[in-house]
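> Next come the chains, spelled out residue by residue.
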Amino acid sequence: MAKVRGPKGPSILTANEILSGEVVYWSGDAWSRSVDDAVRAGDDGARETLTATGKAEEDANRVVGAYLVVLDAVTSVPVELRERRRLAGPSFPLPHSAPHAA
Amino acid sequence: MYQYDGYDQAFVAARAAEFREQVGRRLTGQLTEDEFKPLRLKNGLYLQLHAYMLRIAIPYGVLSSKQMRTLAHLAENYDRGYGHFTTRQNIQFNWTELRHVPDMLDLLAEAGMHAIQTSGNCIRNVTTDAFAGVAGDEEVDPRATCELLRQWSSAHPEFAFLPRKFKIAVIGANADRAAMKFHDIGLRAYPGENGLPRYDIWVGGGQGRTPRVAQLFEADVPFERLLPTLDAMLRVYNLHGRRDNKYKARIKILVAEMGLEAYRAEVYADMEGRDLSPFAEAAPEYERILAHFATLPLPEGEDVTISGDGAFGEWIDQNVTAHKVPGYAVVSVSLKARGAIPGDATGEEMRMIADLAERYSGGEIRVTHRQNLVLPSVRAADLEAVFEALVEAGLATGNIGLSSDIIACPGLDYCALATARSIPIAQALSERLRSREIRVRQEGRDASGPTLNISGCINACGHHHAANIGILGLNKAESESYQITLGGRADEGAAVGEILGPGFTAEEIPDVVERIIETWDAHRAEGESFAESYARLGKDVFKAAVYEEPVNVAA
Numbered sequence: 001m002a003k004v005r006g007p008k009g010p011s012i013l014t015a016n017e018i019l020s021g022e023v024v025y026w027s028g029d030a031w032s033r034s035v036d037d038a039v040r041a042g043d044d045g046a047r048e049t050l051t052a053t054g055k056a057e058e059d060a061n062r063v064v065g066a067y068l069v070v071l072d073a074v075t076s077v078p079v080e081l082r083e084r085r086r087l088a089g090p091s092f093p094l095p096h097s098a099p100h101a102a
Numbered sequence: 001m002y003q004y005d006g007y008d009q010a011f012v013a014a015r016a017a018e019f020r021e022q023v024g025r026r027l028t029g030q031l032t033e034d035e036f037k038p039l040r041l042k043n044g045l046y047l048q049l050h051a052y053m054l055r056i057a058i059p060y061g062v063l064s065s066k067q068m069r070t071l072a073h074l075a076e077n078y079d080r081g082y083g084h085f086t087t088r089q090n091i092q093f094n095w096t097e098l099r100h101v102p103d104m105l106d107l108l109a110e111a112g113m114h115a116i117q118t119s120g121n122c123i124r125n126v127t128t129d130a131f132a133g134v135a136g137d138e139e140v141d142p143r144a145t146c147e148l149l150r151q152w153s154s155a156h157p158e159f160a161f162l163p164r165k166f167k168i169a170v171i172g173a174n175a176d177r178a179a180m181k182f183h184d185i186g187l188r189a190y191p192g193e194n195g196l197p198r199y200d201i202w203v204g205g206g207q208g209r210t211p212r213v214a215q216l217f218e219a220d221v222p223f224e225r226l227l228p229t230l231d232a233m234l235r236v237y238n239l240h241g242r243r244d245n246k247y248k249a250r251i252k253i254l255v256a257e258m259g260l261e262a263y264r265a266e267v268y269a270d271m272e273g274r275d276l277s278p279f280a281e282a283a284p285e286y287e288r289i290l291a292h293f294a295t296l297p298l299p300e301g302e303d304v305t306i307s308g309d310g311a312f313g314e315w316i317d318q319n320v321t322a323h324k325v326p327g328y329a330v331v332s333v334s335l336k337a338r339g340a341i342p343g344d345a346t347g348e349e350m351r352m353i354a355d356l357a358e359r360y361s362g363g364e365i366r367v368t369h370r371q372n373l374v375l376p377s378v379r380a381a382d383l384e385a386v387f388e389a390l391v392e393a394g395l396a397t398g399n400i401g402l403s404s405d406i407i408a409c410p411g412l413d414y415c416a417l418a419t420a421r422s423i424p425i426a427q428a429l430s431e432r433l434r435s436r437e438i439r440v441r442q443e444g445r446d447a448s449g450p451t452l453n454i455s456g457c458i459n460a461c462g463h464h465h466a467a468n469i470g471i472l473g474l475n476k477a478e479s480e481s482y483q484i485t486l487g488g489r490a491d492e493g494a495a496v497g498e499i500l501g502p503g504f505t506a507e508e509i510p511d512v513v514e515r516i517i518e519t520w521d522a523h524r525a526e527g528e529s530f531a532e533s534y535a536r537l538g539k540d541v542f543k544a545a546v547y548e549e550p551v552n553v554a555a
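Those sequence lines, one after another, are chains Z and A.
Here the first sequence is numbered in the working numbering, starting from 1 and rising by one per residue.
Here the second sequence is numbered in the working numbering, starting from 1 and rising by one per residue.
Chain A extracted, bound-state conformation (with noise of 0.2 Å):
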C-alpha cells in the first residue's frame, strides 16, 4: 500500500500542530464559535447531536495493520471504545472531546493518517473499490489513480472553497463496487498505452434531496488528460455552482440547469490555451505511487477449492470472492452481525482484525462503501483457520450481499441534521432478515435478496435512494415516518428508487419490509435479481402487497 514520504508526513504533522494552536487560541477565547468552526470542519470535527463528532480520513478505504491498531486506540483512549465505519470508507468517532482533538490528530499524523478535508465544501476522501488490487475481474487497480486524486485535491488552493462538498469515485473494473455513477465525478479506468490508464470520467451524480445518476462527460480520456480535464471541470463549477441555495449548489444541478453539452463546452473552453506543463508531473508520480502497489505481498499460493456446510458455507459463499491470484482469496468481514449497528466496530474488534490482517492477508484492510470490512489477499488454505478467529470474535456472519447487510446512517441517534433514527430500525430489520436467510438456506433455496439502505434525513448519508429497497426516516408532525423506495441500484446499472407510497412507523417497517421480499419471491423468475424482477414488474405489484391488507405491528 501507498507510503507517506517525507512530503506528505511534514505536511499532516504541520496540519495537526496547526490544529492544537488553533484549538488552544479557541480556549483562551481569541477565537470565537463562528472563527472556530470553519477550522474545526476542515478537519473533521464536527458538533453532533450530543457531543463532538470526529471524522477520520481512510484514503480510498486502505488501512494498514498498523493504522487499525491506532483507531482502536483512539476508540479505547478518546472514545467510548467503538467507532463507526461510513459509507465514504471514512472512520468517525462519536463521543469526541475537544481538548483531545489535538492528542488524536498527532496519533493519526504518527500513523500516516488525518482527518483533513473529510467535512466542508472541498474535494472529499477519494472512494474507489474495496476489492481495488485483488479483484478477479478487476482491469486496472485503481488505488493509484484514488492517490494521484488525493494528491492533487488535498489543500488545492483553488478549491478550498467550492459552492458544496465535492465526493470523486474510481473503478476499475466492470462490475461497480463503488456506487461510482453517484458521485460528483466518477472514473472507470481502463488498460491504455505505457501502463497508464485511460478513463471514461462522469459527472452530476449524487444523491440528498435531488438524486441523480452521473451522465457520460468524455470517454476514453487518455491519462494525460485527466488532471486537466478535472481541474477544468472543477473550475467551471466553481465559478458557476450555486452559492445562494445550499440545496441546489452540488454539481448534478449545475449540469442539470446547463445542460451537459453547455458544461462541457464551457470545460473545453476553460482548458483551451492553458499551461499544461505542471501536470507534466502527474505520469511520472503516477508511476512512483504504482510501485507502492505493484507486488502484491504474497508468497505463492496453493491453488484449493474450499468448500463447507452450515455456517462456515454460508460464509465462503457470501464473505469470500475470487482473487486475481490463484490460489488466494478476498474475505469480506461483516459488521452486519444479527442485531448489530452496521458499521460499528469496537476497538477489540479492530485490534482482532488488525492482528487477522497481518497473519494472513500482508498486513492490509479495506472499508467498504457498504460498511464492512475485507482482507484483501487471505492464502484459500488459510479461510477455515480466518472463520474459526472470526467465529470467536463474533465477526463471522456470512451475510455479504445479503438483505440483512444493511447500509445505515447514524440517524437521529447521533447526528444533529437527522430526521429520524436509522439505527434500530436497520438492528430491527437485521433480525427478520436474518432469521429469513438461514431458514432459506436451510431449505436449500437462493437466500439471496434485494439491497437495503436506511437513511435518517433526505440528505441520504445512508444511500436510501441507491438500494432495492430504500428507506427514509423523515418527521411526520414531530413523529418518525419511514418511506420506502423500490428499484434503487448502486451497481453497474445505477438507477433511483422509487416511493413506493405513504409511509409507515418504525414498527411497521419490518412487516413491510419482509412482504416486499415476499412478493418479489412469488414472482421472481428463475435467477432474477430483485433490481431485474422490478424492472420487469414495476412498481404495482409490490403497491398492492403492502397497501391493500393491513401491516402487523409486532409487539
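Isolated chain Z (complex conformation) (with noise of 0.2 Å):
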C-alpha cells in the first residue's frame, strides 16, 4: 500500500519492480530507473493522485513497496538522508575480482 513518508513538498512517487526488485519511479505513465524520468507532484492533489497510481500499480502486481518521496524544493535533492542514499546507491565501488592489497 502507498503511503506517504516524512514532510510535505515536491514529492515524487518511486517503488520496486516486482520481478527483479530494481528501485523505479513514475514517469506519468510508466515506472522508469531513472530519477529524471520522474513526474513531480507539486500539490496536495497531485500528491493524492501519485500516492493512488502507486496503489493501483501494487494491486496490478507490477512494484512492491511504493510510497511518495519528498524532494527540497530548492535543490531537488531528496529531503530524508535514506531517499538520498537510495537514489545514490551503494556508495563504494562493488566487489570484484582484482585482487586486493595487502
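In short, the hints are calculated from the structure, not lab data.
Only pairs whose alpha carbons sit at most 30 Å apart, straight line, appear in this in silico DSS-like list of lysine-lysine:
#, chain 1, residue 1, chain 2, residue 2
1, Z, Lys8, A, Lys246
2, A, Lys476, A, Lys539
3, A, Lys246, A, Lys165
4, A, Lys246, Z, Lys55
5, A, Lys248, A, Lys37
6, A, Lys324, A, Lys66
7, A, Lys246, A, Lys37
8, A, Lys37, Z, Lys55
9, A, Lys476, A, Lys246
10, A, Lys476, Z, Lys8
11, A, Lys37, Z, Lys8
Distance ranges between label pairs, derived from CB positions:
#, chain 1, residue 1, chain 2, residue 2, range
12, A, Ile499, Z, Gly45, 40 to 48 Å
13, A, Ala522, Z, Ser32, 52 to 60 Å
14, A, Gly29, Z, Arg84, 27 to 35 Å
15, A, Ala155, Z, Thr49, 42 to 50 Å
16, Z, Ala56, A, Ala283, 54 to 62 Å
17, Z, Val74, A, Arg243, 42 to 50 Å
18, Z, Arg84, A, Arg209, 20 to 28 Å
19, A, Glu518, Z, Lys55, 50 to 58 Å
Quick caveat, the model's predicted, so the values are computed rather than measured.
Note that the Cβ used here is the ideal one computed from N, Cα and C, for glycine as well.
The two chains are supplied separately, each in an independent frame; assemble them into the complex guided by the hints.
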C-alpha cells in the first residue's frame, strides 16, 4: 500500500519493480529506472493522485513498496537521508575479482 | 562434516518446490504482497533498499568446497558477482531477482543448503565457534549439538511464530569465539558421561537497542535434559514474550521484566509432568550426528614449527592458530584486506577458497562470526603453499584479531532499516588502521589493538555493543552521525560498551579512533589488552583525549 513518508513538499513516486526488485520511479505513464524521468507532484492534489497511482500499480502486481519521496524545493534532492542514499546507490565500487592490496 | 540423509534432502527439496509455487502465485496475482511477504521471509528473501536480498543459511558456519562453489555459482549467475558473509555465519546476496529465487533455492537444495529460518520470528541459524572440532583448547566439539538443535528447531510447529526472532549459540571451549553471551540462549558444552555432553545454559543475552549479557539459567545440565529444558524455555517465552511492541519482544526483555528467578520457576513448572519420551530419540540421534564429525579426514601430520618474516610472519602470527592434532594448523582467511568491504567475497574468491580447502583442508571451510573464512585443518608443512596461493588471490592479509579486522553490517548502502552507512566507515578505518599495524610491527612492537565493530543502526547487526571500540551510525536531522562506545567485549568476559560522548561525522571517525588507540598505547600496562586497560582506566582518560582537542578531518 502506498504511504506518504516524511514532510510535505514536491514529491515523486518510487517503488521496487516486482520481478527484478530494482528501484523505479513513476514517469506519468510507466515506471522508469531513471529518477530524471520521474513526474513531480507539486501540490496536495497531485500528491494524492501519485499515491493512488502507487496503490493501483501495487494492486496490478507490477511493483512493491510504492511510496512518495519528498524533494527539497530548491535543490530537488530528497529531503530524507535514507532516500538520498537509495537514490545514489552504494557509495563505493562494488566488489570485483581484482586482487586487493595486502 | 554433517551430510544430509534422505529425510533432510527431501525436506529442503520440498520447501524449494513449495516456494517456486508460491512465487508463481505471486506473479500471477493470486497472492498480494501482504500475503506473500511472510512466505518470502520464511525463505530468507527480504526487500532491501535497492533490491531483493536472499539470505542463505550456513548451518553453524560449516561449508564444503562443493557448497562454496554453489555459492560462487549463485554470485556469478544470479547476483552481481559477489556475496556478503554475515555475523550469523550466513551469506547474503544483495541483488537477487525474484524471478530467479526458485532456481537459486533448487541449486542450494541440490548442494544440501537452504534459506529456511534465516528471517522471521523463529529460531534462526544456530551459530558456534568457527574453530569447532579443531581448536587446540576445545573440550567438546559443539557441532553435533548445533546439528541436533538445527533438527529440533527446523520447522518446529510450536515455535514458528515466536514474539520475535530467536538466536542460539553453542561453544565447547573456555575461549568464547562465538559471542555466546550475546544470544537469546547460549550453551557452553562440557564433557559428560558416555560421550554425551553436559551444558551450562545462558539466557537473555542480545544486542539491539537494549543490549544485555546473558545470565546463567542453569549450570551443568545433563544431555538428557537439554532439549526438554530448551523446549520449556521457548514455550514460556512464546507464552509471555511481548507481542505488543517489537522493541520489547525479545527474551532478554521478558527475563529482565519477570526476573531470572521467576522465569526459571515457570520453566521448571512447565517441564513438570510433561511426557519426555519424544526426547529419548535425542541421544541416539546425537551419536549418529557425532559420527559425521568424529574422524578428522586427515592423514598423519608432521609436527613442524613454522615461522617467517615480513608478511608471511605476520600471517603466521595472526591468522594461524593451534590445531588439536599435532602437525596441523587452523588457518583463518581474512576478508578484511586494506580498504575491502568486511565479509564480502567475489565468486572468484569463493572458488579459490573452495579449491584451497579441497587441496589442503579436507574439503571443508568455516565462516566466522567476525565475517572471515577458515580452512580448519591445514598441514603445517603446507602453510607456506597456502599463504602463497592466498597472496596471489589478494586474500593473505595477516590481520585476524587486529583492529583492522572490522565487523560491519551492510548499513545504509544496502539495508532498508539502516540509519547511516557502515561500509565506507569500515573502509576508511581499515586504511588508517592497517597502516598503523604494519608500521608498529616493523618497529618490533605489539600490533594488537582493540576490536572494532560498526553498526548502521541501533539494531546492532554489526555488533557494536560487543566491541572494544563500537561505532553506531545514526541519523541526526537527516545527516549521518557516529556514536562511539568503549569497553564492550564479545569474548568470555562479555560486556556491553559504554557511550563515550557526543557523535562525530564520518570524516572525523578515523582520527577519533586513532586517538583512542594512541591513548590506550600511552596508558597501557605491559601485555594488557584494550578491554583490560579500559576496565582499569575507565572512560574519562579516553573522553579527554577525544573531546578536549578538536579532531582533524582528513581532506
